[in-house]
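Residue numbers (numbering that gives the first Met the number 0), protein chains in the order written: chain B, 0 to 194; chain X, 0 to 250.
For the record, the hints were derived by calculation from the structure and aren't laboratory data.
Quick caveat: nothing in here was measured; it's all calculated off a predicted structure.
Misleading hints may appear alongside valid ones.
[Unchecked claim] Below, in silico cross-link-like pairs of lysine-lysine (DSBU-like), each with a Cα-Cα straight-line distance of 35 Å or less:
#1 19/B with 43/X
#2 19/B with 142/B
#3 126/X with 142/B
#4 126/X with 76/X
#5 142/B with 76/X
#6 43/X with 142/B
#7 49/B with 142/B
#8 49/B with 30/B
#9 19/B with 49/B
#10 43/X with 76/X
#11 30/B with 19/B
[Unchecked claim] Which bits of chain B does chain X cover? Going by a derived footprint, with three or more residues having C-beta under 8 Å, they are:
#12 136-146
#13 149-158
A virtual CB, placed ideally from N, CA and C, is assigned to each residue, including glycine.
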Amino acid sequence: MSAIDDLVAELARLPTIGRKSALRLTYHLLKQPAEQSRRLAEALVMLAEKVHPCPRCFNLTEQEVCAICADPRRDATLICVVEEASDIGAIERSGEYRGMYHVLGGRLAPIDGIGPDDLTIAPLVERVRAGGVREVILATNAKLEGEATALYLQQQLAASGVSLSRIARGLPVGGDLEYADGVTIAQSITARRQL
Amino acid sequence: MVTTDALVLHAFDYRETSRIVRLVTRELGIVSAIARGARRPRSKFGAALDLFASGEAQLITTMGRDLHTLNAFETTKSRPALAESLDRFAAAAALAELLLRFAPEQEDPGLLDTVTDALDALTMAPKGAAEPVALGGAWCLVAELGFAPSLDECVACHAAIDSAASVTFQHRAGGVLCGNCARQAPGARTLPPAARDAIRGWLGRHASLPLDGPSLRAHQRLLREFLEEHLTDGGRPLRAVLAWERHEVDA
Ligand SMILES: [Zn+2]
Ligand SMILES: [Zn+2]
Numbered sequence: 000m001s002a003i004d005d006l007v008a009e010l011a012r013l014p015t016i017g018r019k020s021a022l023r024l025t026y027h028l029l030k031q032p033a034e035q036s037r038r039l040a041e042a043l044v045m046l047a048e049k050v051h052p053c054p055r056c057f058n059l060t061e062q063e064v065c066a067i068c069a070d071p072r073r074d075a076t077l078i079c080v081v082e083e084a085s086d087i088g089a090i091e092r093s094g095e096y097r098g099m100y101h102v103l104g105g106r107l108a109p110i111d112g113i114g115p116d117d118l119t120i121a122p123l124v125e126r127v128r129a130g131g132v133r134e135v136i137l138a139t140n141a142k143l144e145g146e147a148t149a150l151y152l153q154q155q156l157a158a159s160g161v162s163l164s165r166i167a168r169g170l171p172v173g174g175d176l177e178y179a180d181g182v183t184i185a186q187s188i189t190a191r192r193q194l
Numbered sequence: 000m001v002t003t004d005a006l007v008l009h010a011f012d013y014r015e016t017s018r019i020v021r022l023v024t025r026e027l028g029i030v031s032a033i034a035r036g037a038r039r040p041r042s043k044f045g046a047a048l049d050l051f052a053s054g055e056a057q058l059i060t061t062m063g064r065d066l067h068t069l070n071a072f073e074t075t076k077s078r079p080a081l082a083e084s085l086d087r088f089a090a091a092a093a094l095a096e097l098l099l100r101f102a103p104e105q106e107d108p109g110l111l112d113t114v115t116d117a118l119d120a121l122t123m124a125p126k127g128a129a130e131p132v133a134l135g136g137a138w139c140l141v142a143e144l145g146f147a148p149s150l151d152e153c154v155a156c157h158a159a160i161d162s163a164a165s166v167t168f169q170h171r172a173g174g175v176l177c178g179n180c181a182r183q184a185p186g187a188r189t190l191p192p193a194a195r196d197a198i199r200g201w202l203g204r205h206a207s208l209p210l211d212g213p214s215l216r217a218h219q220r221l222l223r224e225f226l227e228e229h230l231t232d233g234g235r236p237l238r239a240v241l242a243w244e245r246h247e248v249d250a
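Next up, chain X with everything else stripped away, as it sits in the complex:
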């Protein structure tokens, strides 16, 4: 039995009375667990096992099995505010999907803290301001997962990059390229200085500067392309990230 801080990233009903959850935990990274009887009216889980809730999970792990048993979940914080505006809801789902698709099943204490901070920031995001907050959270998760983009020196030759210039950003290489290297790397995006500053700010966990609509859309596209390039689990689309980018629910 392992007792660990956890946050619910995904939850779905399973059979008549159970629920399967995917948790990001402090001790075990991302795990799947079955909460038997969680849908019964007087279940010990109560209303606890909802999406984006934080708590202390008691997990019974079985060697060699992917599905653990959730023995108990003591909620310390639920986040109903994420359903009080649809831009927050769409953004929170995108962050959860990012983590589910990239995160390893191994101990990574920083991951839980990073996503907790990102979701807490989202619950407080003013109406219409969820996107830059979520972009910041997403880049911090990317960094925590170990593939923060290089922004100040060329990823290929390590030449310093002029901070006031537009630069070439290549997803595959994982960051910006100097003029010379960019000529040999077709199909990359041009990143204006303001966009590079914004990403640098997000990675440094600074509050986001206001961004206009076209800049936000460009940032969402850049993030999604970067994620798609670095996915290793095959070509399944990032559905929640795409729905967020396309404003499917928060038109």
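Next comes chain B alone, as it looks inside the complex:
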């Protein structure tokens, strides 16, 4: 393996980058001053060394605990459980939620060999058991594996006596009923609310 091949192979592992793009990026870097590449390499090293999961909620952070866990204005009695750290950004952008989070690190997927022990379920149960939590919102994806994961969490947390809720799903805001797929319409009807 040459240095070029090595970099192409590494870049091609990244999402949205195929072999052709990896090759293009590699030649782009070769045309740049060496200092530019060195800065990129340093940034990557710092990323790997500094960023780690928050010990409380498993969100990604460079601090000892993440900014959300460290924020005293947030409601610590509320935990929203998500599959991935990237889901936190989506919920935060809505500006609706002021509680805490818990990142599972995926969803139950037996075919991919992902079971309860591969997710941060035990630390979540421990967090709830430690007290001070009023409600846990299960915000795993509305796909079959996300639903099964929510059900599993519901059973694991049942004994704790904490209030459990599941995010609602259905039609996208601004979406036409006419253009929605049957699965989404069926879910919207099942999850309808009394007026």
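Starting from the structure of chain B, add chain X with the ligands where the hints point.
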């Protein structure tokens, strides 16, 4: 372009906006296909491409390529009930894995129907009764794949076997052995008459008789050992089958 009935056995996100699915189809057997843009909010796939959904797939196949393009998927039936109890979910994943690991990439219309029937039976399985239903579905899939075990005559010498007796079941040979042949085949399992009746019933697609906990565990182990023995794609473990047997999610 091929339009064919299909069922989603495996689905995972790919890059920013796409999803890769593995489908069992009526026309092409098991295929992998990429659904470009399936994760975009207003994708034409909508919420359709979920695990265990049945539908009509439009596939663009390219000669000599393993990854086809899924042009459209019109869902005819989704199966959210498989996530409404964890024993159903674990069992459905085990059946999907069985098919993914054994099924050939060739036309086999019976395969789609067999797995569809098995999953439909699972969606209706009462709480706590998913296991015998899934065992039945699994043995039917095994038969459809062409390696149904021999239960009534010795696989080695074809001697008839007394139906009321405990018999020796050997995974490698693919069924039961008579007393003589069993002496030359160490490391086999003993199958009591009731267990043999249960498998015979499942293969005949009869409703399962109630089984107690130890019998269920013995049946799950027997099935898993049989599958492991007949896998031809190397020693990778059957992860979903093992998780199902060990009750990893439905304790
Ligand atoms: Zn945190
Ligand atoms: Zn014999």
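Results for each hint:
1. The straight-line distance between the Cα atoms of residue 19/B and residue 43/X is roughly 28 Å, inside the 35 Å bound, and the hint therefore holds.
2. As the CA atoms of residue 19/B and residue 142/B are separated by approximately 33 Å, the hinted pair is consistent with the 35 Å bound.
3. Simply put, residue 126/X and residue 142/B have alpha-carbon atoms about 21 Å apart, close enough for the 35 Å limit, and the pair holds.
4. In summary, the hint linking residue 126/X to residue 76/X is supported, as the alpha carbons are separated by about 21 Å, within the 35 Å threshold.
5. Between residue 142/B and residue 76/X, the direct Cα distance comes to roughly 14 Å. Compliance with the 35 Å bound is thereby established for this hinted pair.
6. The straight-line distance between the Cα atoms of residue 43/X and residue 142/B is roughly 17 Å, inside the 35 Å bound, and the hint therefore holds.
7. The suggested pairing of residue 49/B with residue 142/B holds, with an alpha-carbon distance near 33 Å, which does not exceed 35 Å.
8. At roughly 29 Å between alpha-carbon atoms, residue 49/B and residue 30/B fall within 35 Å of each other, so this suggested pair holds.
9. With a C-alpha separation of about 31 Å, the suggested pair residue 19/B and residue 49/B falls inside the 35 Å cut-off, and the hint holds.
10. Our distance criterion of 35 Å between C-alpha atoms is met by residue 43/X and residue 76/X, whose separation comes to about 17 Å.
11. Restraint check: the Cα-Cα separation between residue 30/B and residue 19/B comes to about 17 Å, which is no more than 35 Å; the hinted pair holds.
12. Here's how the segment 136-146 of chain B fares: 5 of its residues keep a CB closer than 8 Å to some CB of chain X, so the rule of at least three is met and the hint holds.
13. Check on the segment 149-158 of chain B: 3 of its residues sit with their Cβ under 8 Å from a Cβ of chain X, so the three-residue criterion for coverage holds.
Hint compliance for this structure: every hint is met.
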